[in-house]
Amino acid sequence: MSPSPYAVEAHGLVKKFGDNTAVDGVDLTIPRGGIYGVLGPNGAGKTTTIRMLATLLRPDAGEALVLGHDVYSEPKVIREQIALTGQFASLDEDLTGIENLILLGRLLGFNKQAARSRGLDLLEAFGLSEAADRQVKKYSGGMRRRLDIAGSLIVTPELMFLDEPTTGIDPRSRNQVWDIIRTLVAGGTTILLTTQYLEEADQLADRIAVIDHGRVIAEGTPGQLKSQVGAGALKVRVVDPVQREEAAAVLERTVGGVVVREKDSAALSARLGEDASASPSLAALEEAGIAVETFSFGQPSLDEVFLALTGKPTEAEDNNDANNDGRSTAAAAAGSGGAA
Amino acid sequence: MSRETETTAVRQEHGDLPASGADVEHSGGPRQGTAGYAPAVETSTEAGRIRSVLLPAEQRPTPSGALSGSITFGWRAMLKIKHIPMQLFDVTIFPIMMTVMFTLIFGGAMGAVVSGSGETGGAAISEYVQFFIPGIFVQTLIMITMYTGLTLNKDISKGIFDRFRSLPTWRPAQLVGALLGDQVRYTLAGTIILTVGFIVGFRPDGGVAGVLAGFALLLVFSFCLSWVWTMVSLLMPTEEAVMGVSMTLIFPLTFASNIFVPTATMPSWLQPVVDANPVSVLVTAVRELMDGTYDAASLGLVALYCGFLVVVFAPISMYLYNRKS
Chain A
-11 MSPSPYAVEA HGLVKKFGDN TAVDGVDLTI PRGGIYGVLG PNGAGKTTTI
39 RMLATLLRPD AGEALVLGHD VYSEPKVIRE QIALTGQFAS LDEDLTGIEN
89 LILLGRLLGF NKQAARSRGL DLLEAFGLSE AADRQVKKYS GGMRRRLDIA
139 GSLIVTPELM FLDEPTTGID PRSRNQVWDI IRTLVAGGTT ILLTTQYLEE
189 ADQLADRIAV IDHGRVIAEG TPGQLKSQVG AGALKVRVVD PVQREEAAAV
239 LERTVGGVVV REKDSAALSA RLGEDASASP SLAALEEAGI AVETFSFGQP
289 SLDEVFLALT GKPTEAEDNN DANNDGRSTA AAAAGSGGAA
Chain B
8 MSRETETTAV RQEHGDLPAS GADVEHSGGP RQGTAGYAPA VETSTEAGRI
58 RSVLLPAEQR PTPSGALSGS ITFGWRAMLK IKHIPMQLFD VTIFPIMMTV
108 MFTLIFGGAM GAVVSGSGET GGAAISEYVQ FFIPGIFVQT LIMITMYTGL
158 TLNKDISKGI FDRFRSLPTW RPAQLVGALL GDQVRYTLAG TIILTVGFIV
208 GFRPDGGVAG VLAGFALLLV FSFCLSWVWT MVSLLMPTEE AVMGVSMTLI
258 FPLTFASNIF VPTATMPSWL QPVVDANPVS VLVTAVRELM DGTYDAASLG
308 LVALYCGFLV VVFAPISMYL YNRKS
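Residue numbers (the numbering used here), protein chains in the order written: chain A, -11 to 328; chain B, 8 to 332.
Hints listed in this document are in silico derivations from the structure and should not be mistaken for laboratory results. There's no promise every hint is true.
[Claimed, not checked] Covered by chain A, per the in silico footprint, the following chain B stretches (three or more residues, Cβ under 8 Å):
hint, stretch
1, 86 to 99
2, 119 to 128
3, 189 to 195
4, 204 to 215
5, 292 to 298
[As the list claims (entries may be wrong)] If you anchor each label on the Cβ, the simulated ranges turn out as follows:
hint, chain 1, residue 1, chain 2, residue 2, range
6, A, 31, B, 274, 27 to 33 Å
7, A, 208, B, 69, 37 to 43 Å
8, B, 92, A, 120, 51 to 57 Å
[Unchecked claim] Dumping the calculated EDC-like pairs for lysine to aspartate or glutamate here, alpha-carbon to alpha-carbon at most 20 Å:
hint, chain 1, residue 1, chain 2, residue 2
9, B, 89, A, 275
10, B, 89, A, 121
11, B, 165, B, 282
As the structure is a computational prediction, the values presented were derived from the model and not from experiment. Ideal placement from N, C-alpha and C gives every residue a C-beta, glycine not left out.
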């Protein structure tokens, strides 16, 4: 067992592809145990960083110890203790589920019989027994992901790299994958996870590094990152849009700050100071006879953190206006619950 | 994606407020605090099942070595054939077509030249068949070796390539294994050509032993040549590019050779070039073996070419494989 308390210690990692500097001096210190999230938009250098740490790519500059071993001189020792689940399912699509696991099992040193029984056990645990003899190309996105992760658990890795584990799968499968990841961590594996989804990093990670243009631009717990942008946000949606201005006036008084008129003609939002409480605002609105559909108060989302750190919105927000709609609907549900 | 955001938004918006009915929307999964991770609760039996199936570190086997790793990758190639039998189309139909076409259509005219008698027709075809079958046998297999590169290039473009390279195995195993698996395809294609050859009247003097010896030599050469395609597949960005480069190399190699016509019929300045072509050297050796003559010089020359191909292209391929981004 390596005495190193760190799963990853990387300093000044650089990787260039031609003129494009994909990773431009990344420093990462990741303790053993728990989940470490690397968050960033497409093309930020997340995958390249992971591939260097997983000994698939040689860095152009910098140092990196993975589980206490040098990526340049001891790649094989590192490979014995890591597992990689790539961004695109790291499976042979032409083979069946069980054949994929037997293949990996045999490469990892099991004989054919042991590899098979190991594979069957894993398929059962991941709820894929029925699909064992089906070609992977006929699997759904969620099934592929689960098989992919099962393939990383034929032997239990010390450190598992998960490159965008929930990209492109449905919400239900995503929740399953999250549960699996939490289970693995409880079993002692360290997880290094990349994601474009702020929610995902927030849900899962103990610590987060935010990467943009090949550099780490922020690092800390989700809470620390959020506190960089202020204490919290109050969101209000009135029943009748006509009453919005009236409500805005009430809020300006109670909050004592700027009230933002959202695109949604019935919605308002306001930043709260460090120790501010939301309840006076709610009481004041009721007193003024304004019917409130939504009233919610929470920490700023990581989207807001990202915006504050990089000065530009994340890709996910850019591409998908539906996101915002979804958000306000959900906020309505949460807010009315909270107000009740 | 919007629904996905929605469920999480519930939790985020919720902040530190007490739990409420809104949480019902959070489909499955243990509830947790906003900041950081809370240990998984046994809400689903799946978590328990997964935990129970994790292998304790001390039960970890020693990773496969060079031989078992290569054999495992060879096994994968066999599985691929089982699941996509269509990929055998090129190794079955193509040789049959080539053999039948060249003997029936060109055979009469070619036979007149090869035999030197000037006579065309049935006798000439029979004459040409004896000359041509060992040649087309070599050509078809050489063309099929190209698919090794195509298959590898396809693998590289998928995530599985990263997975293989992240395993603590002997790294060349993926390449060696693929080449070993391809030997089965080569053998199949070779058997088909020879069968068609026998049907159209190929009767080599070397008998079964001679034919098998020629076959074995060709398989060895194909294995060695495959390293060239392996390199090409690692250099080229797409399958189409691999195909393009491979074709550009294979056409002059096989046509500027003694496969279809004797070198003596070509312009004198071209003859030394064609004679030096490794394919000509190979075809000569295979013809000799099938004719029952064993010429040490021809075999030695083939061995030299084989050695050259492996010594040069296998290390280049491995270098590229290790550095592939």
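Requested in this report: Please write out, lowest number first, the hints stated earlier that are contradicted by the structure.
Outcome: Numbers 2, 3, 4, 5, 6, 8, 9, 11 - these are the hints that the structure violates, sorted from lowest upward.
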